[in-house]
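*Asks:* Chains A and B, in that order, are what the protein sequence lines are.
For the first sequence, UniProt numbering begins at 1 and goes up steadily by one.
For the second sequence, UniProt numbering begins at 1 and goes up steadily by one.
Bear in mind the hints are in silico, worked out from the structure with no lab data behind them.
Just so you know, not all the hints are guaranteed correct.
[To be verified] The list that follows gives simulated cross-link-like pairs (lysine-lysine, DSS-like), each with its CA atoms no further than 27 Å apart: (1) B:Lys15 x A:Lys450; (2) B:Lys39 x A:Lys450; (3) B:Lys149 x A:Lys450; (4) B:Lys149 x B:Lys195.
[As the list claims (entries may be wrong)] Not close to chain B: a few residues of chain A, all C-beta gaps over 10 Å, as computed: (5) Asn81; (6) Glu105; (7) Thr113; (8) Gln123; (9) Glu560; (10) Gly620.
Heads up, the beta-carbon is just placed ideally off N, CA and C, and yes, glycines get one too.
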Amino acid sequence: MTDTLMWRIAGGSGDGIDSTSQNFAKALMRAGLHIFTHRHYPSRIRGGHTYVEVRAGEQPVRSRGDGFNFLLSLGDSFARNPSEDAYYGNEELKPLTEHLDELNEGGVIVYDTGLIDEEEVAQIGLEERAEENNWHVYPVDLRELAREHGREVMRNTAGIGITAALLDIDTTYFEGLITEAMSGETQEQNLEILQKAYDRGKEFDITHDLRVPEGEHDREMALLSGSNAIAYGALDEGCRFISGYPMTPWTDVFTIMSQNLPHFGGISEQVEDEIAAAALALGASHAGAKAMSGSSGGGFALMSEPLGLAEMTETPVVLVEAMRAGPSTGMPTKPEQADLEHVLYTSQGDSCRVVFAPANVREAYDQTRKAFELAYSYNLPAIVIYDQKIQGELRTVPVDFFDREPTSGMEGVLSEEELAEAAHDASGNFMRYRHDVEDGSNPRSIPGQKGGRHLVTGNESQEVGHISESPDNRKAQMDRRMRKLSSIREELDEMDATHQSYHGPSDAEHGILVWGSQQDTVFEAVDRLNARGESVKALGVSDLMPYPETEVTAFLESVEECLVVEMNASGQFRGLTQRELGRFGPKMTSLLKYDGEPFEPGEIVDGFESSLSGGAELSGNVRLEPAAGD
Amino acid sequence: MTAFTAIDTDEQAEKDDFTPGVEPQPTWCPGCGDFAVLKALKGAMPEVGRTPEETLLVTGIGCSGKLSSYFESYGYHAIHGRSLPVARAAKLTNPGLEVIAAGGDGDGYGIGGNHFMHTARENHDMTYIVFNNEIFGLTKGQTSPTSPKGHKSKTQPSGSAKDPVRPLTLSLASGASYIARTAATNPRQAQEIVKEAIEHDGFAHIDFLTQCPTWNKDAKEYVPYTDIQQDDEFDFDVTDRREAADMMYEAENRLYEGEVLTGRFYRDEDRLTYGEEKRKTGEMPADPLAERYFDEDAEWARTADELLGRHT
Numbered sequence: 001m002t003d004t005l006m007w008r009i010a011g012g013s014g015d016g017i018d019s020t021s022q023n024f025a026k027a028l029m030r031a032g033l034h035i036f037t038h039r040h041y042p043s044r045i046r047g048g049h050t051y052v053e054v055r056a057g058e059q060p061v062r063s064r065g066d067g068f069n070f071l072l073s074l075g076d077s078f079a080r081n082p083s084e085d086a087y088y089g090n091e092e093l094k095p096l097t098e099h100l101d102e103l104n105e106g107g108v109i110v111y112d113t114g115l116i117d118e119e120e121v122a123q124i125g126l127e128e129r130a131e132e133n134n135w136h137v138y139p140v141d142l143r144e145l146a147r148e149h150g151r152e153v154m155r156n157t158a159g160i161g162i163t164a165a166l167l168d169i170d171t172t173y174f175e176g177l178i179t180e181a182m183s184g185e186t187q188e189q190n191l192e193i194l195q196k197a198y199d200r201g202k203e204f205d206i207t208h209d210l211r212v213p214e215g216e217h218d219r220e221m222a223l224l225s226g227s228n229a230i231a232y233g234a235l236d237e238g239c240r241f242i243s244g245y246p247m248t249p250w251t252d253v254f255t256i257m258s259q260n261l262p263h264f265g266g267i268s269e270q271v272e273d274e275i276a277a278a279a280l281a282l283g284a285s286h287a288g289a290k291a292m293s294g295s296s297g298g299g300f301a302l303m304s305e306p307l308g309l310a311e312m313t314e315t316p317v318v319l320v321e322a323m324r325a326g327p328s329t330g331m332p333t334k335p336e337q338a339d340l341e342h343v344l345y346t347s348q349g350d351s352c353r354v355v356f357a358p359a360n361v362r363e364a365y366d367q368t369r370k371a372f373e374l375a376y377s378y379n380l381p382a383i384v385i386y387d388q389k390i391q392g393e394l395r396t397v398p399v400d401f402f403d404r405e406p407t408s409g410m411e412g413v414l415s416e417e418e419l420a421e422a423a424h425d426a427s428g429n430f431m432r433y434r435h436d437v438e439d440g441s442n443p444r445s446i447p448g449q450k451g452g453r454h455l456v457t458g459n460e461s462q463e464v465g466h467i468s469e470s471p472d473n474r475k476a477q478m479d480r481r482m483r484k485l486s487s488i489r490e491e492l493d494e495m496d497a498t499h500q501s502y503h504g505p506s507d508a509e510h511g512i513l514v515w516g517s518q519q520d521t522v523f524e525a526v527d528r529l530n531a532r533g534e535s536v537k538a539l540g541v542s543d544l545m546p547y548p549e550t551e552v553t554a555f556l557e558s559v560e561e562c563l564v565v566e567m568n569a570s571g572q573f574r575g576l577t578q579r580e581l582g583r584f585g586p587k588m589t590s591l592l593k594y595d596g597e598p599f600e601p602g603e604i605v606d607g608f609e610s611s612l613s614g615g616a617e618l619s620g621n622v623r624l625e626p627a628a629g630d
Numbered sequence: 001m002t003a004f005t006a007i008d009t010d011e012q013a014e015k016d017d018f019t020p021g022v023e024p025q026p027t028w029c030p031g032c033g034d035f036a037v038l039k040a041l042k043g044a045m046p047e048v049g050r051t052p053e054e055t056l057l058v059t060g061i062g063c064s065g066k067l068s069s070y071f072e073s074y075g076y077h078a079i080h081g082r083s084l085p086v087a088r089a090a091k092l093t094n095p096g097l098e099v100i101a102a103g104g105d106g107d108g109y110g111i112g113g114n115h116f117m118h119t120a121r122e123n124h125d126m127t128y129i130v131f132n133n134e135i136f137g138l139t140k141g142q143t144s145p146t147s148p149k150g151h152k153s154k155t156q157p158s159g160s161a162k163d164p165v166r167p168l169t170l171s172l173a174s175g176a177s178y179i180a181r182t183a184a185t186n187p188r189q190a191q192e193i194v195k196e197a198i199e200h201d202g203f204a205h206i207d208f209l210t211q212c213p214t215w216n217k218d219a220k221e222y223v224p225y226t227d228i229q230q231d232d233e234f235d236f237d238v239t240d241r242r243e244a245a246d247m248m249y250e251a252e253n254r255l256y257e258g259e260v261l262t263g264r265f266y267r268d269e270d271r272l273t274y275g276e277e278k279r280k281t282g283e284m285p286a287d288p289l290a291e292r293y294f295d296e297d298a299e300w301a302r303t304a305d306e307l308l309g310r311h312t
């Protein structure tokens with residue numbers, strides 16, 4: 001018996017898989033369930049196997065779960081190679097064949113016989129496998145249903161109707177969404193297809209036990225992605241300028257901002273490359289706007305030099321980095337957490353930046369706001385690092401979570417009245433870079449302000465901004481800039497709610513450390529482990545620079561051993577932790593995954609048990625990297 | 001009510017106001033053409049009626065990049081090749097600023113060539129001065145994008161096998177709406193051209209020939225020069241793209257034959273600036289964005305009110 005539905009819709013890229021899954025997810029949210037979605041798509045415009053998984057439960061769902069239990073296979077209508085011995089296999093069939101290894105026992109399969117040839121299905125031995133695994137298979141001609149009552153492209157709607165019939169979902173929620181999103185003939189046809197498909201589904205002799213769980217929300221919920229949350233956090237914090245260049249998966253944030261900024265009275269610029277994108281954000285910020293830019297790995301590499309310029313000139317800016325599997329072009333649509341060191345250290349000279357890695361929608365919103373707040377009060381760059389997983393997954397969040405006040409105005413700048421009182425040199429230049437500020441941070445003036453003129457330069461500079469290579473000045477300026485990081489650490493440590501997340505019993509014997517997008521999957525694994533009698537707790541770290549030394553030290557001291565879970569091959573976060581804390585090397589074992597798929601909770605459970613006993617089997621494409629000294 | 005009272009003031013600045021009160025010792029060599037750019041710029045500013053505090057001078061890296069150190073205004077000494085993207089975003093954020101960008105030929109036509117092309121294409125209302133000395137000076141004499149074919153240097157010991165960049169032609173093809181070439185040896189024309197460029201509504205590009213007496217000794221001092229507007233040999237319509245293109249091609253060829261043709265090569269007064277184009281599409285706020293952060297009465301929309309409804 002499963003307490004959650006894990007419904008997977010699979011088809012060709014361009015078949016409307018994404019929008020259909022979003023509607024399905026939203027309908028279940030309205031029905032009172034908590035939602036989590038997981039997207040898998042290829043790097044091409046049309047065709048190629050794509051799927052979205054929607055997990056729905058009565059209780060909040062934290063991860064995609066292990067495997068799935070309902071497959072709606074639409075076939076790939078854009079397939080170019082409908083032959084089994086093609087280099088990439090039979091693409092038309094992939095939305096069915098590629099999923100069978102992950103379908104749980106007792107699972108349900110619906111496939112479109114209009115597109116997927118039943119003879120070929122027989123050839124792949126579906127019947128035998130179904131028998132072995134107790135799968136329940138319902139072949140149905142969705143294409144014909146769609147053609148008969150509307151157009152072929154509406155076979156997705158037919159698939160939803162069949163799903164509703166097989167799982168006992170009230171179709172009212174789907175009807176509501178169709179009515180809201182469509183009009184005229186399209187609306188009528190879709191409603192008709194939904195109903196006809198539902199009726200067709202009810203004609204089946206239903207042999208499976210799986211039904212949609214029941215739930216009820218005590219307050220209104222919203223369904224959002226991490227990209228939404230980053231963009232909305234930026235807008236609520238007063239960001240009104242974005243510059244960028246498209247690159248998966250960062251494009252999502254860029255698109256959301258670009259579509260909404262005109263309405264918020266802001267400016268969006270799509271420019272020639274990422275060097276320009278970052279440089280424009282600096283120019284806009286210097287001229288007095290809260291500005292952001294961003295990219296994914298390769299594009300962010302191009303931003304290295306402007307990033308260093310922001311550190312040296314103390315021009316505030318927020319950059320976001322949406323990681324994907326590297327190196328180089330890597331796997332453009334697959335998540336990985338291998339850009340951590342890149343983001344922490346890229347650009348020449350010592351790093352002086354803030355880096356946050358949110359774990360989910362809520363953290364993405366909060367930490368993006370905090371990134372702007374710190375960037376614009378301490379006048380330095382702040383980076384939000386996330387990945388393709390957070391970018392695309394939709395999660396339910398209470399609407400009142402977003403009931404916040406926007407930030408008006410800008411910290412870290414002086415008004416003309418304040419400038420009149422501020423220190424100037426004999427030339428009348430504003431002393432922008434004074435050595436003697438306690439927290440390291442000097443307020444700035446904005447071009448056009450009376451009494452604020454000064455030179456800003458990427459060279460080392462004197463207090464008034466002119467280029468200087470004096471050793472004493474150099475040391476004073478470096479010390480002052482680096483002092484901003486310790487001031488920020490103090491400020492973060494004094495916040496009411498820390499950015500770090502704790503899960504599990506505080507007196508647990510064992511620990512799991514995790515950062516960014518894998519946090520909530522780890523938390524789900526922790527629950528399962530404790531239910532099995534293990535004694536485990538987890539710490540999810542979001543502050544990567546300045547590093548939360550006190551919190552992580554206390555956590556590591558309190559456990560006997562610690563598993564560090566991350567999606568890369570070299571254990572970058574474990575390395576950072578050892579570097580920052582200077583000890584605990586022998587306590588930390590890495591559990592690594594870098595095959596382009598995020599961790600499933602079961603893989604973490606197995607990894608944990610294997611790291612303890614040394615004998616248990618690992619599952620999936622994961623690897624254990626022993627602790628230092630082992 | 002403005003938070004930027006230096007912009008559009010009634011104050012009249014003098015040439016000396018653009019000289020820093022505590023003047024840094026210039027790093028330029030004696031006889032360097034860069035002094036002429038500084039002089040022309042200082043001379044042009046009072047003529048266009050702008051003051052130091054409403055002017056943002058964004059510079060690149062190299063000897064030319066030091067211009068912002070010797071010119072009194074708001075200055076932003078950026079990184080190699082990236083002055084234009086910094087400058088154009090500042091202009092979008094606060095259109096009341098007088099925005100000037102400057103850098104060398106390596107900066108503008110080499111490492112920053114992509115930005116040059118796109119900033120010209122977008123026709124931002126700003127001025128771009130390229131110090132063209134046909135050499136990398138500060139790094140001590142390497143071949144630059146405008147070095148003539150065959151030019152020998154430490155990094156091209158057998159002579160450059162490349163044709164040089166054609167800065168004027170490139171500018172025209174990219175979309176600049178004011179294109180001129182002047183020379184350090186022609187201070188009167190230089191100041192006039194800088195003034196015109198600043199007054200021009202749109203992207204104004206000046207290819208400013210600045211001799212490098214240290215590293216480009218075999219290069220001419222850019223004398224004698226010919227002003228194409230003054231010489232009867234050159235009768236062309238500066239507003240006609242095709243005629244301008246021919247004139248540019250001629251001038252670029254003759255420079256390498258030792259003849260320095262300077263003057264105005266192209267002017268399009270009708271084309272809208274990027275800010276105007278963007279305002280037409282509704283993607284640029286009516287009031288300067290920079291003002292909003294200082295305006296206590298400004299309204300800040302909430303995503304909870306504006307955007308959350310689509311997710312429920």
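*Asks:* If a hint holds in the structure, say so; if it does not, say that too.
*Replies:* Against the structure, the hints:
no.: 1; hint: B:Lys15 x A:Lys450; result: 19 Å, holds
no.: 2; hint: B:Lys39 x A:Lys450; result: 24 Å, holds
no.: 3; hint: B:Lys149 x A:Lys450; result: 49 Å, violated
no.: 4; hint: B:Lys149 x B:Lys195; result: 33 Å, violated
no.: 5; hint: Asn81; result: 38 Å, holds
no.: 6; hint: Glu105; result: 35 Å, holds
no.: 7; hint: Thr113; result: 35 Å, holds
no.: 8; hint: Gln123; result: 44 Å, holds
no.: 9; hint: Glu560; result: 43 Å, holds
no.: 10; hint: Gly620; result: 32 Å, holds
Violated hints for the displayed structure, listed by number in ascending order: 3, 4.
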